[in-house]
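Starting from the structure of chain F, add chain X where the hints point.
Single-letter residue listing:
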Amino acid sequence: MSLLEDTLVWLGDRAHYRGVDGVPHRLVEHLWISGAAVALAALVAFPLAIWLGHSPRFPRGGTAVLSLSNASRAVPVFAVLVMLAATPVGFGNRATIVALTLFALPPLLTNTFVGVRGVDRDVVEAARGNGMSGGQVLRAVELPLALPLIAAGVRTAAVQVVATATLAAYVGGGGLGRFIADGFGQADPAMTAAGGVLVAALALVLELSLGLVQRRLTPRS
Amino acid sequence: MLVPPGSPPNPWISVDYVRENSDVLLAATQQHIELVALSIGFGLLVAVPLGLLVRGHRRLESLLLGATGVLYTIPSLALFAVLAPVTGLTVTTVVIGLTGYTLLVLVRNLLTGLAGVPEEVRESARGMGMGPLRLLWQVELPLALPAVLAGVRVATVSTVALATVGVVVSNGGLGQLIFEGLNRNLYRAEIFTATVLCVLLAAVADLLLLGLERLLTPWARR
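Line by line, the protein sequences give chains F and X. Under the numbering used here, think of the first position of the first sequence as 1, with each following residue one higher. Under the numbering used here, think of the first position of the second sequence as 1, with each following residue one higher.
One chain only, chain X, in its complex shape:
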């Protein structure tokens, strides 16, 4: 691209931009975190009961995986486009859409984790007089936890990236700044800073969840 003489510089990295817009950057980051946290939270609220309900029934398991797979295949923009006329240009639209995308990986990892609990372990727990609920709560879920948390990590990293698309319904967190930079004559510093924050957010979330996994499953430490 030819830069006409006398046009102002448009650097990708600008400390001045960050300093002058720290409040805007902070607010966008906060909204981004909110979008992701709500989506992962609702995703777990839907995926865990559904997964527990269908597990052990082959047909129902593949039905649930199929349904969440279809949801996952629908492009985010298409989902927002169909939801927006109903739920409006709101956070709700984005969170419903993003929640939908977390379901496949959350359900799949929960089912894989539960299926991986050795039958002998179940038997001995029953032999100790555990009922099905205690068995689930004290034996099966803890043993499935690493798989579940691995799913939460994958879902979180993808959701951080995907949340930017929320910009089409005016609630895209850091995506909002990326789009604003596009419309402000390609204001590179704004575009790049928001992108870097997004990637950093994904990395930090991933590390925090890894730490949580270590903390919650001390027996798995090598």
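Excised from the complex, chain F in its bound form:
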């Protein structure tokens, strides 16, 4: 039998959809880990980036955020996962969430900051001239105008995190990466390839659906 057939047979086997090692449980685990990481990162990134973008008090802060995000591209995700394992954070799903939170920060910080800071200064001045307070300008002008870019950041972060969560299986985490890691470990090419197909499909579906959400939030010009 060819690999393609083997993979399809694996994917069609009902036994692979039951229990802790089943596809549904691993999928939920994968989404839960990823969702928690993106939510935690948003909790940190949104206030910080909105504040830096809104207040002109720390012009250097924004530059620092942007260069830090840029530089983070050079740090291998895999290395950070392994390094965290060697700290008190340790192994498993909780450690994975911490690591993934770090990876979700750069796109969220960059896009939110650029979105808020990039709002036309004339528009902000006009709002101020109409007697709006700083908070009102932020809520009624800056945030709505920044929303498309913020949504793009969430999309990038989410897709990246879901992709990276796969690596977590190599540091004792769960999720769909287990099928790939175990497939390699047990020299089971059908399981390896099936895991690859599942993860790729999840990433593409997420990218497309979040792309639709993002388009909804972006006003047509």
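These are computed hints drawn from the structure, not numbers from a lab. In this text the structure is predicted, and so the values were computed from the model without any measurement. Ideal Cβ placement from N, Cα and C applies to all residues, glycine included. One should not assume that every hint holds.
To list a few chain F residues with every Cβ distance to chain X over 10 angstroms, as calculated [what the hints assert, rightly or not]:
(1) L3
(2) Y17
(3) D21
(4) H25
(5) F58
(6) R60
(7) D122
(8) V124
(9) T166
(10) T192
(11) E207
(12) V213
Per label pair, the in silico range of CB-to-CB distance [said to hold, decoys possible]:
(13) R121/F with R184/X: 42 to 50 angstroms
(14) L207/X with V9/F: 46 to 54 angstroms
(15) D122/F with G211/X: 37 to 45 angstroms
(16) R134/X with L68/F: 41 to 49 angstroms
Relative to the frame of chain F, chain X by itself:
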């Protein structure tokens, strides 16, 4: 984490580790450079002809960008997992995967660079009697070079980081040492040294490419 009394120290930074394993570190770094250089090279070999072929045709341009975008979205581990049963636990598997990831940024920057060539410049080149090939080679490509090289820089830095994932098919360059450190009871010196080398490699490659850009586009110097 509680350290049981009497357990050996496990420092992150160890000069002894580096000294005793310099040959292993060198070999892993060499493989890492090889993986990245091959992937960027093949990436250019695929991206440049494809980009030149589709440019100017709106539909084909967005089709190519869409296809390379889909490739880019597929997680590296998933790609290696699907390739490995076919191409084995080899350098080939890693290079095919990494090449795939370079395409989006290389194609996009080439198209952006070519689109940025002013129409007047093209007109005057034609007026001087240049044919389409000479126009491309002597006018358009040189003017698009800064954009292309910017793409090569971004692709190189990401590929240096991504190559570590090649460890799942036993060819991850410095990633190999990171994983070995994980399996050796979390040997911190090995993990940290390999990570630092990886980041350094990305920084050095970025600077070298920046220098190359300066060298190749002297007219752009301010």
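Hint numbers the structure violates, sorted upward? 1, 9, 10, 11, 13
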